[in-house]
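Visitor: Given only the sequences and the hints, what does the whole structure look like? Please build it.
2 protein chains.
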Amino acid sequence: MTLEALLVAARAGDARATARLVTIVENDEPEAAALVRATYREAGRALVVGITGPPGGGKSTLVAALVGRYRERHSRVAVIAVDPSSPFTGGAILGDRIRMRERFLDPGVFIRSLATRGATGGLSHATARVVDLLDALGHEVVLVETVGVGQEEIEVMRVAGTVCLVSVPGLGDDIQAVKAGIIEIADVLIVNKADRPGADQTVADLRAMQSLAAPRVGSWSPPIVRTTATAGDGVADVVDAVARHAAWSRASGDDTRRRREAARSAVETLLRELLTRRFIDAAGHQGRLDDAVAAVADRSSDPQTAVLDLLR
Amino acid sequence: MTLEALLVAARAGDARATARLVTIVENDEPEAAALVRATYREAGRALVVGITGPPGGGKSTLVAALVGRYRERHSRVAVIAVDPSSPFTGGAILGDRIRMRERFLDPGVFIRSLATRGATGGLSHATARVVDLLDALGHEVVLVETVGVGQEEIEVMRVAGTVCLVSVPGLGDDIQAVKAGIIEIADVLIVNKADRPGADQTVADLRAMQSLAAPRVGSWSPPIVRTTATAGDGVADVVDAVARHAAWSRASGDDTRRRREAARSAVETLLRELLTRRFIDAAGHQGRLDDAVAAVADRSSDPQTAVLDLLR
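Listed in order, the protein sequences are those of chains A and B.
So for the first sequence, numbering that gives the first Met the number 0 puts the first residue at 0; every next one is plus one.
So for the second sequence, numbering that gives the first Met the number 0 puts the first residue at 0; every next one is plus one.
Since the hints were derived computationally from the structure, they do not count as laboratory data.
Hints should not be assumed to be uniformly reliable.
To be verified - DEER-style ranges, computed between Cβ atoms:
1. B:E260 - A:S220: 26 to 34 Å
2. B:P29 - A:R70: 53 to 61 Å
3. A:G67 - B:R19: 34 to 42 Å
4. A:D236 - B:R68: 48 to 56 Å
5. A:R68 - B:S299: 31 to 39 Å
6. A:A230 - B:H73: 49 to 57 Å
7. B:R72 - A:A281: 46 to 54 Å
Values in this document were obtained by computation on a predicted structure and should not be read as measured data.
Cβ coordinates follow ideal geometry from the N, Cα and C atoms, glycine included.
Guide: Printed below as a string of structure tokens:
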């Protein structure tokens, strides 16, 4: 099938065509640039919601519940589960979670795991491109789920218009430490498994962390929402909180600021890659690069000296 | 103090001078390039051990116990705790862990948290530069601890000659999923808190994951070591397993392969940054870059088209 034909089918809601197009972008296949050019300008309409937090927080159950809610009002919803990937095999794990599978039976829901790291700019840029693609293809809501709370998850969350951080009662100190980094980018704080003992303490901990975090850009104060996703409790409150944040973001111009940052990151990443590819492809540069690497590896030179020599 | 004077003091074991030099490299201060040039060629001698694994595994306790063991045979040991950082405030958290503080009283142990993200190439390159610096300054053993098991932790672990993955009994499914990615780079598998119920199951799970992981480069088969770090049990076995791996690595040439990969990554990262900086600094390019970003942000262009225009 040609790219054109795939686009027609995917816009009409064909899941296999959509999956094929996502793969093209994810793996940076030869048609990827043409595909991005054909769809990029149509994106920017979807509600893009990020869901992040430490492992064990019940995020997949919450995402499944949110998908159900959004499907009541929207005809097409997409879920991207961004996996910590294997550097060698690039295996995707989250996609076949059982609760997700239930949603797979609904043709209005497109679900995909992303794990490939080969794409220019790493996983966060691959995610941004897939979100834009699904948006352009007509998904009105795109949920982006990550497991983990490291810097990469923070980068991935930058694609979202609204970021939800999911905590649960009773996690250890390590996890509390980890959350301090991500709390500054969270727009909605969720305490899931709120029927467990310790939920009040978790809410108090989150408030304390909020007060310690760097002041936010703009006037939004992230609400704390309690959920018990397995029973569906509080899920409507999350939908409401996300909608209020999105409305605030449009009214305050914060969404424009986010879009500009995302655009800067995409442009600079691509510029960096293309400049480097052009330099290396120039006559003789590949051999000189290999020599520089060998000199740095055996410590007869250092990286700075070797690269300045290369550029001379 | 001049760079020269700081180097003399740091080589003699002065902790404040060492800390100052680490800060210069970490923050990419103006003297950083000169400092790397002055020390890079002397590095490559230390035993560099990575300790990673999901939060809640008792890694800090294990690292403290390992430091004690290594100090029995080595005069200078360094610990670098690589933190998931705040994208805005860059706060470091792990450094003031209580058990670490005990070790702080030992002048033969240098401990530092790394969290800054401003450095060229991100946290993994900052970590590599700090490891090289501490190595060149005379630390015979450098332990690098990360919290988390995402792609960034995997990148950080590439600085280590031997990577230890710490698991614990009784963590949830999410964490098992996360480990699948990192297990392929682990040279020694540790089941900490091995006195807890479920330790046998964790060992069995690790063996199952090993059999599923991509085949390793070379003939090393990662051993599984049980520890109860709080009681000191098994810590000597970890030291032995690391020593055996390091000996295998030297004998098989695997360490040469690792060094070459690290050198390639350092050279390519720096090349990418310098080429981009030169391009942007050229007359008129900053303004054109800003225009390209604005066009991409309002979706009147796409990143690929905008960057190709820039390069024309």
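Visitor: Hint numbers the structure violates, sorted upward?
Guide: Structure breaks hints 1, 3.
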